[in-house]
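Join the two chains, each given in its own frame, into one complex according to the hints.
Line order of the protein sequences matches chains A and B. FYI, this note's numbering numbers position 89 of the first sequence as 89, with every residue one higher than the one before it. FYI, this note's numbering numbers position 51 of the second sequence as 51, with every residue one higher than the one before it.
No lab work stands behind these hints, which were simulated from the structure alone. For clarity, every value in this text was computed on a predicted model and none was experimentally measured. Some clues are possibly wrong.
[Unchecked claim] SDA-like, lysine to any residue: derived pairs with alpha carbons at most 25 Å apart: (1) B/Lys-128 / A/Ile-210; (2) B/Lys-108 / A/Ile-210; (3) B/Lys-215 / B/Lys-227.
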Amino acid sequence: MTLSLFDQFLSPCCMLNSLVAIAITLPWILFPSPTTRWLNNRSLTSQNWFLSQATSQIFSPINPPGHKWALLLSSLLIFLATMNTAGLLPYTFTPTSQLSINMGLAGALWMGVVILGMRTQPTHSLGHLLPEGAPALLTPILVIIETISLFIRPIALGVRLTANLTAGHLLIQLTSTATLAMLTIMPVTAIFTGILLFLLALLEAAVALIQAYVFVLLLSLYLQENV
Amino acid sequence: MLSRLQAISVKVTDPFVSLSLVQASRSLQTSSQRLAPVPPLPDHGGKVRHGLIPEELFEFLYPKTGVTGPYMLGTGLIVYLLSKELYVINHETIYAICIGTIIVYGVKKYGATVAAFIDSINEEKVAKAQAAKDSHISFLTEAIENEKKEQWRVEGRGMLFDAKRNNVAMLLETNYRERQHMVTNEVKRRLDYQIALQHLNRRLQQEHMINWVEKNVISSITPQQEKESIAKCIADLKVLAKTTQAKAAA
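The following block holds chain B by itself, in its conformation from the complex (with noise of 0.2 Å):
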């Protein structure tokens, strides 16, 4: 509660009348506007010196009485409470000189690690939402790259598949070959055959013929004709030793 008056007081300069500004128009404010959006908090707290002593009090001392104004301020008052013995010195001015000492001294060493130990906890707390919108974006970022790499192989499919239908066709086309290959040689076998068979035949009457010439010439040579025909092979045999035996001579 003090907290939001003193973030509205940060924004008008003057203290009072924003206090009495928000005390009065609070009563007015009955809509849920009012509540959303959250104005943002101060990042840091309202200025003091000494610990204590605002600063808005030495700026506002300021233009009549300089930089030392509020401290002969504070040393007249305390001056003047003892003096006129309204603070009286007793055993208490004592003991609160000792848990004084203490206080400042322990707000001195320890407050900033336990400030920024504060600090941690939010941070802490920011850091694990941070991580876990990081971790989607991250995964959402994957995905998008993944249906991409989809979209690139299903374009690819088509290079697939034509590949493949030429493969198909070339092995139809080998298939097809192969078996009018087979086909013409089948035929030209079958063809082979029947010359061969041809040439069988040809053949044998070849023989036939020559043997039943040659039976037919034999059988036709008569005795006389065979011994003159004897008797001149002799005499050209003769002839043609010596003919040999001459030119073997020279």
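Okay, chain A solo, but in the shape it has when bound (with noise of 0.2 Å):
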């Protein structure tokens, strides 16, 4: 049986038992539940430090009613990362490569806080589809274009976070089979490839931490703008 290239994207089963369920909830053992001592080990109080690091970066900005949302939004960047760094291993499968799961979270998260804004200060919310100092003579091709670009923003959060994955995955996938082709025949650009392997496989790295801060990032502006 050969393996096309998208193969690795295929939902994992195992003797048609479906893994998905697994690969999503087994790095949840990764991160240690917080204890009732003063002390911690390293790992808790790295997971500790991180946490309420990112979150108060993240909420610093939000007035006080969004504040609620910072178990949600800390809960999801933990989850994007891990997800997304697991899949750099070999042989793993990204949930996060799958538009499912990508438009599932952003679509949810983003209707939400617009449901949010519209309903406790709808007239606020609906002042930011007309930008501040724009000239009057734009306004209705601009009410337009801002409405537009609203409710394409689920659709952007979830797309570019499976094509960023995608694509990096694909490209390594391409890159090594390449290596591994070459090996016997051209050592020589077999070797300059694995360098691009290697580069790639630090981008991938890159990629998978910056995508999901800027998942939760995007989602923070527009509770920002609705709270």
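Here you go:
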């Protein structure tokens, strides 16, 4: 059975049992739950430090009513970062490379912030459809453009994450296939391709973390507009 | 959860027995006593060789296969998987080598720094608490010293009161002596006045008497007596003058 390039993105199964649920929930065991101790071990201390830093940084520009979203967005950040970086290991399945998961997260969360804004302060939320300092003549066109951009947001969020990860994984697969194929025929070229693969892997590691942060940052921006 | 299991497994040598014991007894532990006192965390995690394989495997195989036993096991396994094509070398292998290098390099280079940073977070916490404790202790020690100083001052207050009492007594004594002195002076003045008055009286009396006597004597002298006394005086004078001239010539 020959492998096609997209077989790494197939939903994982083991003898007709779907493993997607395990793939999504298993990384949870990497994160220790907080204890009642005053001083903890290194993994828990680093986890606490990172979470407190990230949450304070993301939520400092948001008004206090928006701080109720702290738990949701910080756990989303950890979830996405873990999914992305765990997908960098060989032979793993990256759930966040699937459009279904990303659109599910993006669509639901975006709709949540928009509905929250419309319910609590509808005038303020609708006011975002006309940017400040725009000339009065352009108002009709601008409103239409802003509405379109508002509705594009969930699609953009989901597809951005999917595309980044899928593209990265595909590139890695292509480059490594090329390296392997040329290893016996043209070893020197294989070495260059190997260096390219090395740099690509570094890039993918960075992209994995950055994309998770960008997803959460954009959601926090949408929340800031609406709360 | 896993760290607690690890802590218990450190104490008991056989890992499998300890795990099963913990699982079996977990349902029986219902009292709150198992929550406190919290057992201390081990200082270091379980020892691993090459970052992945626990030291317990090497110790387990040492009696039968010596030092190289686990390495032969690993090599044999890998060779078996490769030769039987249970593990197929494909593009993921190349990628696995790549990402493996990156991960190992990252851990080796930044592992110690990150660990030191995380330890510093904990140490800061401890240092803060220690600083608070130390400042409180120093505050209390200062308070004790101040209290002792106050007690010493209170002891000295008796001496202060004695000195003040002495002072007041001295003032009173001085005042009394002054008044006594004044009284003496006044009495003396009055007595002096009386004495002066008596003297004056005596003198006046004397003078009056003398004057009366003189007047009476002078009025009693007759002219005859006066002439005789003057002639006698002149004769005496002449005699005196002669004797004086004689003394002078001699």
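### Task
Identify every previously stated hint that the structure contradicts and give their numbers, smallest first.
1
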